Amino acid sequence: MLFVNYKIDADRELLLSNIMNNDLVVSEENYDTANGKPKMHIKSKGNRLKIKCEMTERPTKDNAFLEGTYFLGSLTQKGQSSRIRGLIMTAPIYHSIFLALLVVVICQAIIVKGIPVTAIFLVLFDLMMFKGEFGKQSLIKRYIFRALKITYRINSNKRKDT
Numbered sequence: 004m005l006f007v008n009y010k011i012d013a014d015r016e017l018l019l020s021n022i023m024n025n026d027l028v029v030s031e032e033n034y035d036t037a038n039g040k041p042k043m044h045i046k047s048k049g050n051r052l053k054i055k056c057e058m059t060e061r062p063t064k065d066n067a068f069l070e071g072t073y074f075l076g077s078l079t080q081k082g083q084s085s086r087i088r089g090l091i092m093t094a095p096i097y098h099s100i101f102l103a104l105l106v107v108v109i110c111q112a113i114i115v116k117g118i119p120v121t122a123i124f125l126v127l128f129d130l131m132m133f134k135g136e137f138g139k140q141s142l143i144k145r146y147i148f149r150a151l152k153i154t155y156r157i158n159s160n161k162r163k164d165t
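Each residue of the sequence shown is one higher than the one before, counting from 4 in my numbering.
For the record, the hints were derived by calculation from the structure and aren't laboratory data. Computed from a predicted model, the values in this text were never measured in an experiment. Note that CB positions come from ideal geometry on N, CA and C, so glycine has one too. Treat the hints with care, since some could be wrong.
[Said to hold, decoys possible] Below, computed lysine to aspartate or glutamate pairings styled on EDC-like, alpha-carbon distance capped at 16 Å:
#1 Lys152 <-> Glu16
#2 Lys42 <-> Asp26
#3 Lys152 <-> Glu32
#4 Lys42 <-> Glu31
#5 Lys152 <-> Glu57
#6 Lys46 <-> Glu32
#7 Lys40 <-> Glu60
#8 Lys116 <-> Glu136
#9 Lys42 <-> Glu32
#10 Lys46 <-> Glu57
#11 Lys152 <-> Asp26
#12 Lys161 <-> Glu60
#13 Lys81 <-> Glu136
#14 Lys81 <-> Asp14
#15 Lys48 <-> Glu16
#16 Lys163 <-> Asp12
#17 Lys55 <-> Asp26
#18 Lys46 <-> Glu16
#19 Lys40 <-> Asp129
#20 Lys42 <-> Glu60
#21 Lys81 <-> Asp12
#22 Lys152 <-> Glu31
#23 Lys152 <-> Asp14
#24 Lys161 <-> Asp12
#25 Lys144 <-> Asp14
#26 Lys55 <-> Asp129
#27 Lys161 <-> Asp26
[Said to hold, decoys possible] Pair by pair, the computed Cβ-Cβ distance ranges are:
#28 Ser141 <-> Val115: 34 to 40 Å
#29 Met23 <-> Gly138: 20 to 26 Å
#30 Phe137 <-> Ile157: 39 to 45 Å
#31 Ala112 <-> Leu90: 16 to 22 Å
#32 Ile113 <-> Arg88: 27 to 33 Å
#33 Val126 <-> Thr79: 37 to 43 Å
#34 Phe6 <-> Ser99: 15 to 21 Å
#35 Ser47 <-> Gly117: 20 to 26 Å
Between the sequences and the hints, there should be enough to build the whole structure, so can you do that?
Encoded structure:
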């Protein structure tokens with residue numbers, strides 16, 4: 004899980020329009036295209052904002068395990084500044100299953116008075132299988148930061164013109 008808390012001196016609508024402009028934000032970032040090109044699906048309802056990451060242009064389909072990796076947060080304006088806050092996480096169902104697996108490993112370690120080898124292999128397999136999903140968390144954070152930089156640049160140009 005990653006926490007996002009950014010503040011910018013710009014209008015909320017300008018920031019939201021830049022976040023919604025997927026082509027502009029993705030085109031200004033250099034991504035490793037070996038795993039595909041990220042495409043963000045953005046939903047906005049009131050102050051709520053949801054950004055879901057999908058990898059496109061790759062040889063296999065991005066299955067986005069269960070719910071996939073997404074940002075869930077709010078975009079608010081107070082005075083002349085806007086704030087974006089939220090949480091980037093990979094499938095809450097996945098986290099609950101992984102937490103349950105971790106509890107089983109700890110219980111088995113206490114009962115057996117040692118760490119069972121199968122538990123270690125299960126945890127390693129789990130981490131290897133979802134490495135791509137965890138990588139999307141940093142992609143979403145970079146996407147939001149890039150949208151903020153674009154908004155800042157646009158806002159600075161507006162101030163210079165006046």
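Cross-check of the supplied hints:
Distance hint between Lys152 and Glu16 is fulfilled; the C-alpha atoms sit about 15 Å from each other, no more than 16 Å. Taking the CA atoms of Lys42 and Asp26, the gap is about 9 Å. The hint holds against a cut of 16 Å. Using a Cα cut-off of 16 Å, the hinted pair Lys152 and Glu32 holds, with the two alpha carbons roughly 11 Å apart. Restraint check: the Cα-Cα separation between Lys42 and Glu31 comes to about 13 Å, which is no more than 16 Å; the hinted pair holds.
A distance of roughly 22 Å separates the Cα atoms of Lys152 and Glu57; the hinted pair therefore is violated under the 16 Å criterion. For the proposed pair Lys46 and Glu32, the alpha carbon gap of about 21 Å is over 16 Å, so the pair is violated. Of the supplied pair hints, the one linking Lys40 and Glu60 holds, its CA atoms being roughly 6 Å apart against a limit of 16 Å. Restraint check: the Cα-Cα separation between Lys116 and Glu136 comes to about 34 Å, which exceeds 16 Å; the hinted pair is violated.
Note on Lys42 and Glu32: the hinted pairing holds, with a Cα-Cα distance of about 12 Å set against a maximum of 16 Å. Restraint check: the Cα-Cα separation between Lys46 and Glu57 comes to about 14 Å, which is no more than 16 Å; the hinted pair holds. Straight-line distance between C-alpha atoms of Lys152 and Asp26 comes to about 15 Å, which keeps the hinted pair within the 16 Å bound. For the suggested pair Lys161 and Glu60, the alpha carbons sit about 36 Å apart, so the restraint of at most 16 Å is broken.
Between the alpha carbons of Lys81 and Glu136 the distance comes to roughly 34 Å, so the proposed pair goes past 16 Å and is violated. This hinted pair checks out: Lys81 and Asp14 have alpha carbons roughly 9 Å apart, not beyond 16 Å. Straight-line distance between C-alpha atoms of Lys48 and Glu16 comes to about 13 Å, which keeps the hinted pair within the 16 Å bound. Only pairs whose Cα atoms come within 16 Å are accepted, and Lys163 paired with Asp12 is accepted, the gap being roughly 15 Å.
Pair hint Lys55 plus Asp26 holds up; C-alpha atoms about 15 Å apart against a cutoff of 16 Å. Between Lys46 and Glu16 the CA atoms are separated by roughly 14 Å; this keeps the pair inside 16 Å, and the hint holds. Between Lys40 and Asp129 the alpha-carbon distance is near 24 Å, which puts this suggested pair outside the 16 Å criterion. About 10 Å separates the Cα atoms of Lys42 and Glu60, which keeps this hinted pair within 16 Å; it holds.
Of the pairs offered as hints, the one joining Lys81 and Asp12 holds, with about 10 Å between alpha carbons and a cut-off of 16 Å not exceeded. Taken as a hint, the Lys152 and Glu31 pair is honoured in the structure, with Cα atoms around 10 Å apart against an allowance of 16 Å. Proposed proximity of Lys152 and Asp14 is supported: the alpha carbons are some 14 Å apart, at most 16 Å. The hinted pair formed by Lys161 and Asp12 meets the criterion: a straight-line CA distance of about 12 Å does not exceed 16 Å.
Distance hint between Lys144 and Asp14 is unfulfilled; the C-alpha atoms sit about 20 Å from each other, more than 16 Å. The straight-line distance between the Cα atoms of Lys55 and Asp129 is roughly 22 Å, outside the 16 Å bound, and the hint therefore fails. Simply put, Lys161 and Asp26 have alpha-carbon atoms about 22 Å apart, too far for the 16 Å limit, and the pair is violated. Checked against the hint of 34 to 40 Å, the pair Ser141 and Val115 passes, with Cβ atoms roughly 37 Å apart.
Between Met23 and Gly138 the C-beta distance comes to about 23 Å, which sits within the given range of 20 to 26 Å. A hinted range of 39 to 45 Å is violated for the C-beta pair Phe137 and Ile157, which are about 32 Å apart. For Ala112 and Leu90, the Cβ-Cβ distance of about 30 Å falls outside the hinted range of 16 to 22 Å, so the restraint is violated. The hinted range of 27 to 33 Å is not satisfied by Ile113 and Arg88, whose Cβ atoms lie roughly 39 Å apart.
At roughly 39 Å, the beta carbons of Val126 and Thr79 sit within the given window of 37 to 43 Å. Between Phe6 and Ser99, the C-beta spacing of about 19 Å keeps the proposed range 15 to 21 Å intact. Against the hinted window of 20 to 26 Å, the Cβ-Cβ separation of Ser47 and Gly117 comes to about 51 Å, which falls outside the hint.
Consistency note: the structure conflicts with the earlier hints numbered 5, 6, 8, 12, 13, 19, 25, 26, 27, 30, 31, 32 and 35.
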